[in-house]
Every structure is written in C-alpha cells, then in structure tokens.
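Peer 1: Given only the sequences and the hints, what does the whole structure look like? Please build it.
So the protein lines, in turn, are chains E and B. Here numbering that gives the first Met the number 0 is used: the first residue of the first sequence is 0, the next is one more, and so on. Here numbering that gives the first Met the number 0 is used: the first residue of the second sequence is 0, the next is one more, and so on.
FYI, nobody ran anything at the bench for these hints, they're computed from the structure. Idealized CB from N, CA, C, for every residue including glycine. Hints should not be assumed to be uniformly reliable.
FRET-style restraints, in silico, Cβ to Cβ [to be verified]:
id, chain 1, residue 1, chain 2, residue 2, range
1, B, G80, E, S137, 43 to 53 Å
2, E, G14, B, S92, 42 to 52 Å
3, E, G14, B, K286, 29 to 39 Å
4, B, V155, E, G14, 38 to 48 Å
5, B, F210, E, T135, 44 to 54 Å
6, B, P89, E, E227, 47 to 57 Å
Heads up, incomplete: computed chain E residues facing chain B, CB under 8 Å, no partners named [stated by the list, open to error]:
id, residue
7, F89
8, N91
9, L92
10, E95
11, G101
12, F103
13, K106
14, L152
15, A167
Away from chain E, derived, C-beta distances all over 10 Å, residues of chain B [as the list claims (entries may be wrong)]:
id, residue
16, K87
17, L153
18, A165
19, I181
Each chain is listed here by its residues.
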Amino acid sequence: MSAILHTSKLQAFYGRTKALHGLDFEVREGGITTILGANGAGKTTTLRAVCGMIPTQGDVTFNGQSIAGKATEDIVRLGVAQVPDGRGTFVNLTVEENLRLGAFTRKDKAGVLQDFERVFHLFPVLLQRRHQQAGTLSGGEQQMLAIARALMLRPRLMLLDEPSFGLAPLVVQELFAILRAINRDEGVSMLLVEQNASLALELADHAYLLETGRAVLSGTTEEIKRDESVRRSYLGY
Amino acid sequence: MEILVQQIVAGLATGGIYASLALALVMIYQATELVNFAQGEMAMFSTYIAWSLMNVGLPYWAAFFLTIAISLAGGILIQRGIIRLFEKAPILSVVIVFIGLLLIFQSTAGWIFTYLIKPFPSPFPQAAVTLGTVQFGSHDLGALGVTIVVLVLLYVFFRYTSLGLAMRAAAQNPVSSRLVGIRVGWMLALGWGLAAAVGAVAGMMVAHKVFLDPLMMGGILLYAFAAALFGGITSPGGAVVGGLTVGVLENLVGAFVPFVGHELKLTVALVLIIGVLLIKPSGLFGKAVVTRV
Chain E
0 MSAILHTSKL
10 QAFYGRTKAL
20 HGLDFEVREG
30 GITTILGANG
40 AGKTTTLRAV
50 CGMIPTQGDV
60 TFNGQSIAGK
70 ATEDIVRLGV
80 AQVPDGRGTF
90 VNLTVEENLR
100 LGAFTRKDKA
110 GVLQDFERVF
120 HLFPVLLQRR
130 HQQAGTLSGG
140 EQQMLAIARA
150 LMLRPRLMLL
160 DEPSFGLAPL
170 VVQELFAILR
180 AINRDEGVSM
190 LLVEQNASLA
200 LELADHAYLL
210 ETGRAVLSGT
220 TEEIKRDESV
230 RRSYLGY
Chain B
0 MEILVQQIVA
10 GLATGGIYAS
20 LALALVMIYQ
30 ATELVNFAQG
40 EMAMFSTYIA
50 WSLMNVGLPY
60 WAAFFLTIAI
70 SLAGGILIQR
80 GIIRLFEKAP
90 ILSVVIVFIG
100 LLLIFQSTAG
110 WIFTYLIKPF
120 PSPFPQAAVT
130 LGTVQFGSHD
140 LGALGVTIVV
150 LVLLYVFFRY
160 TSLGLAMRAA
170 AQNPVSSRLV
180 GIRVGWMLAL
190 GWGLAAAVGA
200 VAGMMVAHKV
210 FLDPLMMGGI
220 LLYAFAAALF
230 GGITSPGGAV
240 VGGLTVGVLE
250 NLVGAFVPFV
260 GHELKLTVAL
270 VLIIGVLLIK
280 PSGLFGKAVV
290 TRV
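Peer 2: Shown next as structure tokens:
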C-alpha cells in the first residue's frame with residue numbers, strides 16, 4: 000500500500016515557539032493512522048500543520064504532490080477534510096447550510112444531492128434538525144454535523160481531531176462505528192488524533208506516539224498495543 | 000393628516016437611503032467588526048462617477064448600472080490593495096486608515112470636480128403623484144422603490160446563493176471557512192465591493208435631493224450611523240428598520256416640533272445615537288456580544 004499522506008522532518012511554529020521538531024509519519028491509502036499523546040504533545044498542531052493553518056518547515060506530500068506552504072483552502076480543494084477540535088461548525092447557520100458549505104468547492108450538483116442523502120442516512124438526527132441552527136444542537140449532534148460536513152467534500156483524506164472529546168460513551172461508540180464504515184465502504188483514508196488511546200488503537204492500522212513534538216514510537220497498532228510503556232501510560236493495564 | 004402622510008412617505012424615502020448606507024456599514028462590520036468611516040465618501044465619489052458618465056452623454060440608467068459595476072470593482076480593489084495590508088493591525092490603526100480614505104476621497108473629488116454644488120438628475124418624472132388628496136414627490140416614491148429592489152436583491156443573494164452563504168460563513172468563522180475551501184480574503188473583498196455598490200445607489204438617489212458636492216454625505220453618514228446603531232450594528236434587518244425609522248423620525252420632528260425645524264434636524268441623529276448607546280448599546284435587533292475571558 001502506498002502513502003496518501005507523508006511528512007518528512009515536519010516542523011511547526013506558534014510565533015517563535017517550535018511545537019513540532021521534525022516529524023516523519025504517513026497515512027496509507029485507504030488506511031487509518033492515529034496519533035497518540037498527552038496534552039501538549041503536538042497532536043492538534045500536527046493536523047494544523049498538514050492543513051497549512053500554521054507556519055511550517057519540512058515537507059508534506061499528499062497524493063504524491065507537495066502541499067507544504069500551500070494555503071489551507073487550496074489543500075482542502077485537493078480533497079483533505081479536517082474536523083477540527085471544538086468541532087468548528089458554523090453555529091449561527093442551519094444544519095443544512097453547514098452541509099452546503101461542506102460541498103462549497105464542488106461543482107457536481109447531482110453528486111452533492113446524493114451526498115446529502117448519504118449523510119442523512121448515516122446521521123438521521125441531522126435530517127430531523129435540518130433547519131435548526133447548528134449552535135442549538137447537542138455536543139454529540141454537533142460532532143456528527145462536523146463529520147457530515149467534512150464528508151460533503153467527498154474527501155480522500157479526513158483529519159479528525161479528538162472526535163470523542165466530551166461525548167457520552169455510547170455516542171462515541173456509535174460515532175466510531177460510522178467512521179469505520181466510512182473508511183471500509185468508501186475507502187476514505189483517515190488521520191485520527193485521540194486522547195482515548197484504546198478506542199483509537201481499535202480503529203487504526205498504524206499509530207504514532209508523540210511526546211513534546213517528537214514521535215517517540217511508531218508502528219502497526221498491534222505492535223503499539225503490545226508496547227509495555229504504552230500499555231501502562233495510555234491504555235491503563 | 001395629509002401633511003403627516005406626506006411627511007412619512009418623504010421620511011421613508013430618505014430613510015431608505017439611510018437604510019442602504021447603514022446596511023453597507025453593517026456588511027463590513029459583520030466581517031471585520033469595524034465601522035467604515037469612509038463609506039459615505041465612497042458613495043459620494045461613486046455619485047461623481049455617475050455624474051461624469053452622464054456628462055459624456057450616457058443615459059441615466061446606463062450610467063446608473065455602470066456606476067454600480069465600477070463601485071463594486073472599486074470596493075474590491077480598496078480592500079485588496081489597502082485594507083488587507085492592515086488585517087493584523089490594531090483597531091486604531093485601521094480607524095485611522097478609514098479616516099485617511101475619507102479625506103482622500105473628499106479631497107480628490109474636490110480636486111477633480113471642484114467644490115461647486117452641482118444638480119444631479121432624477122430618473123423619475125418631475126410631476127408629483129397624487130393619491131386621493133395627498134401629493135407625493137415622484138423622486139421620493141422612485142427612490143423608495145429602488146431601495147426596496149436593492150434590499151430584496153441583497154436578501155436573496157445572501158439567503159439563497161452559495162456565494163452569499165460563503166460570505167456569511169467567512170464573516171462568522173474564518174477558520175472553519177478555510178477548512179471547507181472558502182477563499183476568505185476574497186469574500187472580505189467582495190463584501191467591500193457590495194458595500195460600495197449599495198452605497199453608490201444610495202448616493203445617486205440622495206444626490207438629487209441634497210445636490211452633488213464633495214461634502215454631501217457628511218450628514219447622511221451620521222444618520223446612517225444612527226440607523227445602524229438603532230437597529231443593532233450586528234443585524235442587517237435591524238439596519239433597514241433603523242434607517243426607515245430614523246428617516247421618518249427626522250422628517251416628523253423637523254416638520255412638527257417647531258424649535259427643531261430644519262436647522263436642528265441633524266441633532267436628532269446625534270440624540271438618537273447617544274440615547275441608543277446609553278440605553279441599549281446592542282440596538283433594537285442586535286446581539287449583545289459575550290466574550291469569554
């Protein structure tokens with residue numbers, strides 16, 4: 000399997016502070032890679048760096064093309080959809096308007112209509128809430144809306160920032176089942192950032208462990224799960 | 000009674016002009032949280048462009064639409080060429096830039112067109128329209144009609160088109176907008192263009208009544224501020240209601256409160272601005288902004 004996303008010596012900065020110190024990782028075509036780590040390890044920063052939302056050095060390759068230094072909106076137009084932390088929905092717009100915005104860059108009207116059907120099928124609650132302002136949805140519903148909006152782009156790669164954050168365990172299970180289905184049925188590759196390591200390791204095929212902006216461990220999820228230190232620090236057994 | 004109805008209709012006509020200009024202010028405020036002090040002068044300059052076009056022989060409506068197109072392009076250019084450079088600058092710097100723009104437009108207009116007051120034509124008939132026993136000025140009715148068309152077009156654009164939706168999204172949440180592929184910078188520029196175009200219509204409609212000179216928008220912009228604040232600077236609908244209210248109020252107070260008369264009319268706007276800021280700073284329809292710190 001080839002890599003759809005690949006970084007080499009990726010560094011990222013907040014002002015003068017370096018937050019990533021030369022990160023190499025990849026997401027395989029059709030695969031799910033997860034980035035684990037404690038608060039402040041640089042997980043969210045990694046996603047922001049890939050999307051060109053903060054200044055970076057080093058190289059990022061998407062689908063064989065270098066995207067380092069490109070504007071966020073141009074990277075998105077290549078088929079990279081990010082579901083940011085804090086969900087990033089347009090709270091003053093309706094659910095339907097949020098979804099329309101997700102497909103903003105697409106020209107194929109028929110395909111967009113199909114995708115409306117598809118996300119309403121995946122998340123029936125969004126159909127019920129179609130004309131409601133996104134800000135009035137519950138946390139779980141907003142997370143579903145954020146993922147649905149990302150799907151409206153018909154992305155080749157989804158970047159997910161802590162999709163489980165602040166959600167009830169049952170909702171989280173439902174959400175991860177949907178993510179698995181999207182990956183399996185539609186071949187959408189994913190880069191998943193999670194604090195909930197056991198959940199992420201169930202879903203992903205490859206994992207990287209980040210500490211203060213550096214990858215200290217990487218491998219298939221099976222290997223990572225067997226690692227003594229990961230088990231103690233992140234899985235808790 | 001007839002005088003009252005007459006005054007109300009005349010008030011609605013000027014109110015519509017305040018509403019358009021207030022809407023232009025709100026459009027830019029929503030995207031940037033800044034009040035464009037140069038909005039009135041930009042409208043004045045657009046009106047001079049229309050005047051020049053008619054002077055070289057273009058018919059009124061041709062000049063009218065060409066001026067709107069030029070203003071749209073001009074607004075976009077001003078944002079891309081000047082305002083964008085101050086994107087990350089402190090608010091006060093941007094305010095100074097706005098005041099600088101105001102002065103540039105005013106003195107450039109004076110330099111090119113002189114400060115001599117010029118008549119500006121109306122596309123509507125001279126004769127008054129009589130309904131029952133009440134007479135209305137044709138220009139008042141026509142200007143009101145033009146304003147309504149502009150407002151409806153803007154509403155449809157922002158409510159139903161993808162571009163309008165993208166502009167609203169970019170104003171509300173630039174970060175998320177980039178993440179769905181919206182070119183936020185261009186949306187801001189387009190907002191400036193639309194504001195300039197709407198201002199141009201207001202300028203062309205009001206110039207027939209106040210006559211054309213480089214200082215003509217000073218008082219009108221003050222009313223537009225009053226209108227925007229009254230309706231709530233965060234609410235486009237509020238700006239329209241505010242504009243119409245201010246227009247009618249100004250006319251009624253001028254006509255029926257003897258000591259105000261024509262001379263003190265502008266004070267009405269100031270009283271309204273101070274009153275709103277004291278009693279309900281978010282305006283009639285505006286949202287009070289709550290910030291977590």
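Peer 1: For each hint, tell me whether it holds in the structure or not.
Peer 2: Now the hints, each set against the structure:
1. B/G80 to E/S137: 43 to 53 Å: 45 Å Cβ-Cβ, so the 43 to 53 Å window holds.
2. E/G14 to B/S92: 42 to 52 Å: With a Cβ separation near 20 Å, E/G14 and B/S92 fall outside 42 to 52 Å, so the hint is violated.
3. E/G14 to B/K286: 29 to 39 Å: 32 Å, holds
4. B/V155 to E/G14: 38 to 48 Å: 43 Å, holds
5. B/F210 to E/T135: 44 to 54 Å: 51 Å, holds
6. B/P89 to E/E227: 47 to 57 Å: 53 Å, holds
7. F89: Since chain B brings a Cβ to about 5 Å from E/F89, closer than 8 Å, the hint holds.
8. N91: 6 Å, holds
9. L92: E/L92 check passes; min Cβ-Cβ to chain B is 7 Å, inside 8 Å.
10. E95: 10 Å, violated
11. G101: 6 Å, holds
12. F103: 5 Å, holds
13. K106: 11 Å, violated
14. L152: At about 7 Å, which falls below the 8 Å cut-off, the nearest Cβ of chain B leaves the hint on E/L152 intact, so it holds.
15. A167: Interface hint status for E/A167: violated (24 Å vs cutoff 8 Å).
16. K87: 13 Å, holds
17. L153: 17 Å, holds
18. A165: Per Cβ check, B/A165 is inside 10 Å of chain E; nearest 6 Å; violated.
19. I181: 6 Å, violated
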